[in-house]
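Taken in order, these protein sequences are the chains called A and B. Reminder that position 151 of the first sequence reads as 151 in the numbering used here, one-by-one numbering, no gaps. If you want the numbering used here, it's the 1-based position in the second sequence plus 234.
Since the hints were made in silico from the structure, they are not lab data. Hints are supplied without guarantee of correctness; some may be wrong.
FRET-style restraints, in silico, Cβ to Cβ [to be verified]: (1) B:942 with A:125: 33 to 41 Å; (2) B:1032 with A:125: 33 to 41 Å; (3) A:221 with B:1032: 22 to 30 Å; (4) B:252 with A:126: 48 to 56 Å; (5) A:221 with B:252: 25 to 33 Å; (6) B:982 with A:77: 43 to 51 Å; (7) A:125 with B:988: 32 to 40 Å; (8) B:1031 with A:17: 18 to 26 Å; (9) B:1031 with A:211: 54 to 62 Å.
Here are the simulated BS3-like pairs of lysine-lysine, each with C-alpha atoms no more than 25 Å apart in a straight line [what the hints assert, rightly or not]: (10) B:945 with B:663; (11) B:405 with B:886; (12) A:83 with B:1032; (13) B:967 with A:144; (14) B:308 with A:79; (15) A:144 with B:886; (16) A:26 with B:1032; (17) A:79 with B:663; (18) B:1032 with A:88; (19) B:496 with B:945; (20) B:308 with B:1032; (21) B:945 with A:88; (22) B:308 with B:570; (23) B:825 with A:79; (24) A:129 with A:144; (25) B:694 with B:520; (26) B:945 with A:144; (27) B:308 with A:83; (28) B:663 with B:405.
Keep in mind the model is a prediction, meaning the values are calculated, not measured. The beta-carbon is built from N, C-alpha and C at its ideal position, and this holds for glycine as well.
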Amino acid sequence: MSNIKIELKNLTKIFETEDIETHALKGIDLVIEAGDYVSIEGPSGCGKSTLLSILGLLDTASGGDYYLEGVHVSQLSLKEMAKIRNEKIGFIFQSFNLIDELSVYDNVALPFNYGRQDISDEQVAARVKECLQLVGMEHRSNHKPNQLSGGQQQRIAIARALVTNPAILLVDEPTGNLDSKSGDQVLAVLDQLNEVGTTICMVTHDPRYAHKAKKRLKLLDGEIVALDALQEAV
Amino acid sequence: MKRFIARQKQIWQSLAKTPGFVMTVIVTMGLTLGALLCVLTLGYLLLFKPLPYPEQQSLYKVEHVIHGENGERKNAVFTYPTLLHLYKNQEVFNQAAMVNQTDAVLTSHEEQPKVQLSYVSEQWFAITGAKMALGRSFAATEQLGSNNPVAVLSYATWQNTFKGDRDILNKKVTFDGVSFSVVGVTAADFIEPELRAVGLRTGVWLPWDFNPASQFKARWGNIIGGLSFIGKLSNQYSQTQAEQKLTPMINDIWRQNVVGIKFFKGWSIHMELKSFQSVIMGDSAKAVFLLVAAVAGLVLIAAANIANLFMSRTAQQQKSLAIRAVVGANREDLFKGMFAESMQLMVLSMALALIVATVGFEVFHTYLDEVLPRIAELQLHVVTLLCAVGLVLALAFVFSYLGVHMIDYRKLNGSLQSSGKGNSIQVSKSIRQLLIAAQVSVASGLIFINLNLLHEALEKIETPLGFIVEDLVDVRLSYAASQWPEPAKMVPVLNELSQKLTELPQVVQVSRSSSPLGEFGLWALTDVASNTNYTPETRRASAEHFEMINQQVVEGNTFTQTQIRDSSPVMVINDTFARVLAPNGSAIGLKLSPGWGGDFTIIGVVKSIHLPGGQAQPMRVYTPAPLATPDLMVKLKPGQSLEPKQLIRLLKSIDSSYALYLMQSLEDKIHQRLLPQIAIVITSGVLVLLSLFLAAIGLYGILSYSTQMRKFEMGTRMAIGADGQALLRLLLKDNNGAVVSGILVSVLLIAGLFAAYYGELIGYVGAQLIWTGLVTLMTIGAIVFCACYIPLRSYINKPPIYCLRNMQ
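Required output: the full structure, derived from the provided sequences and hints.
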């Protein structure tokens, strides 16, 4: 079985308005393998969030091919993409994206509402508990998100991203809304997850956190200008 | 002042950037508030405004209520001698007048129009305070017994029939062969009290001495429909005291005079005083309350919709509000700004509303003049304007209050630095749910009620008549004298007319009987065998009548030409009466006694017919129509017509003493009788559509806003795998509670309405409630589904990033 999780071939993304065509991504080729910890860096507007959105099937590419675990996902319907997002992708947002009305437990369990109907309530509860333990938040399962600090909310978001045991964890500026202490804690959790084999792809501005990645991808004006593999450098 | 004007200008410039919003607010509120002003003015007019007559609180109509043997109320109609006795002997009224309302052909006029007449004693004009445009009203020269042949024209008759002839005074008008000299014309603004029927207005007033009912002056047993008595009650008597004084005075003398009539054994008369206000109002108060409630419901829906728009606008104006806050505006200042904007819109809406109300008054004048009382008085009134000002202020306050209420002032400054998450201005979930519940409850209530009204009216319209009306024309003649000539003189004229009519190329057949759609009379009859009294409806019929209208004969025979010619004492009854008379056998051969003359033998039973708008199949009897009856029914060839001028020419060629009193096709008559039902169908249909439209707009507005507020949440859910169906299910589930609550509130309101008006509404209880209820639920369900799906569609048909982008 192939070790490749994600493979992009000549991927492009063009935003069109009435008068202007903006080439956000220009012919991206990229391979992410199982257990990778990839950071995507670059200045504002270079296309890193767009790339992450396409990787997470939150957006579609204008051209090129995208293979996720060997499946050509570029041409899938919105419904099929939703299924793949649910089963194979965990997304961690800069602004946490927790639902205020739901408790911590319900937020983490939310992905099960949209897939894996064969899982019993007991199995869901066990998995949620396991993920909350992993991020050190099991004692807050009955709280509402607005009762937690930013760092705690991001850890809940990580737990939610992990709960379906996804093939890859996509992380968008996870520390953007956090103070440095909370940011460190969140990054520590990500390190820990990667150490146990979780594939991570993270967009970040912060060079301190980018250094933690094993592969560092640098984007400029929609093109990859550098791809440093830590182990290669070592 | 300059600053104020400048500020108003700024507001208008800001509004001008959103013409869609401005037009929606003005049109929605203008139309619904216009309707509300219209019905509120109507409500004030009918429920609170004093009648336009001097000392109106002392004006009464006296009712001559006849009670049967067991005290049951039979009717409230005078006999001529009791009315005269009351007029001559009463002491409780300072002023009193007798009235006999009827109609007649104005034979002195070239076009021979039919005119509504009121034969009145002279004080009628003083009681009603009638002002005159020309000449005088009745005076001592027209008192009882003076036999002075003068006439007073109504302003409308003067204008319409006599083209406003300034020389009308002293000209002659002829009715029933008597010429009256015109002595006056009532003023244009004089509004006659409509005491007999709504919309029944006198064209010409004639002195009491000439009234045709005087032929019954010695008939104590004959009640006459058009007779009435009005008076100004002396302040020495209360209403009850007056009734107690008048009742024995009339009852005693009536009983003395009917003692020989077996039918009236044990019967009595009670005199009841009814204020002009209560007589004129009748049972219109309920109709007005229902109308106000229905329109207020629409306004509520419209106001809720517009409130949603105002809240959305507040959300859109977040940046502008934040900047104002930064430069020092406090919450009160923000409220003032919103209030000024709402005021501008509400003032414009109200300008449209006043135009709509004025148009509404005209519509009421045209279509409801014969349905609701005092419509002629309906016009823009200071109460209308006060209501308008009150509504403008209240709505402007509510809309701006809701807007300012949704602002989290403390977070407002922060929103300038944020990426536009919009969380400083949001309508709370509870308010959103409340708005949805309110929309659903009002809309479902209005839809359900109007569907039932629609169903009932349609059912009445579609009820089979049991006879045919196509190509049939009803004709009635009048005679130029107060009394018809002897039958021996009439019959040859009518025979010749029938013959000449039959010879016309478009005529198939002529019957000497009245239209099946005319009102039936009532007849007191006693079953000779069982000595049981009945009061069936009665009508005279010719030998051809039943065949001509295709009314089915169930048993026995109808009349022969011989029975008609001899006016034989035979009867045809309907199957309803037959079932009562002989539940287990045949009614043929049974005898019925009218209490005078000989008994009538039943020779036939016909199937009951249904008169549109009438009660379902009452007991009816038919007797042979005398050949001297001035009623004819003409059957035409299909697609042919008969012109009144043709008939008038024929009549003049035979005997110019006869005039055409009425000529109308039965199809027109059906339409006329069904007008109230057609009006209900149109009104309830329009209300159903309006309710649907407003509910759809309103629910879409609030659910669209709700969905927009949850755009980020939707994006998040989609990011973790939710597809379109899952999100639609989520939205529907989230709104279930509000929708169900709204429906429950609606059910409770309808149940409350039912409990309050049990007597009136029990007739609506039936199987149709199930389907109207289901249709209402399905309609509301469909609206909610669409209102959830349509705004969601723009999110679920795109990749999740479109929902998340603004937030990231």
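*Can the restraint linking residue 1032 of chain B and residue 88 of chain A be considered satisfied, given a maximum Cα separation of 25 Å?*
holds (20 Å)
_Checking one constraint from the list: CA of residue 967 of chain B to CA of residue 144 of chain A, max 25 Å. Satisfied?_
Measuring from Cα to Cα gives roughly 21 Å; hence the hint holds.
_Check whether the Cα positions of residue 945 of chain B and residue 663 of chain B lie no farther apart than 25 Å._
Holds. Residue 945 of chain B to residue 663 of chain B sits at ~14 Å (cutoff 25 Å).
_What's the verdict on residue 308 of chain B and residue 83 of chain A, does the C-alpha distance respect the 25 Å limit or exceed it?_
It is violated: about 79 Å lies between the C-alpha atoms, which goes past 25 Å.
*25 Å limit on alpha-carbon distance, applied to hinted pair residue 694 of chain B and residue 520 of chain B*: holds (21 Å)
*Given the hint that residue 945 of chain B pairs with residue 88 of chain A, does the C-alpha gap stay at or below 25 Å?*
Given that 25 Å is the threshold and the Cα spacing comes to 24 Å, the pair holds.
*Is the gap between the beta carbons of residue 1032 of chain B and residue 125 of chain A within 33 to 41 Å?*
holds (34 Å)
_What's the verdict on residue 83 of chain A and residue 1032 of chain B, does the C-alpha distance respect the 25 Å limit or exceed it?_
Distance of about 15 Å is within 25 Å: holds.
*Given the hint that residue 308 of chain B pairs with residue 79 of chain A, does the C-alpha gap stay at or below 25 Å?*
With Cα atoms ~76 Å apart, residue 308 of chain B and residue 79 of chain A exceed 25 Å; violated.
*Is the distance from the Cβ of residue 1031 of chain B to the Cβ of residue 211 of chain A consistent with 54 to 62 Å?*
violated (41 Å)
*Given the hint that residue 308 of chain B pairs with residue 1032 of chain B, test it: the Cα-Cα distance must not exceed 25 Å.*
violated (75 Å)
*43 to 51 Å as the expected CB spacing between residue 77 of chain A and residue 982 of chain B, which holds or is violated*: holds (46 Å)
The structure shown violates the earlier hints numbered 5, 7, 9, 14, 15, 17, 19, 20, 22, 23, 27, 28.
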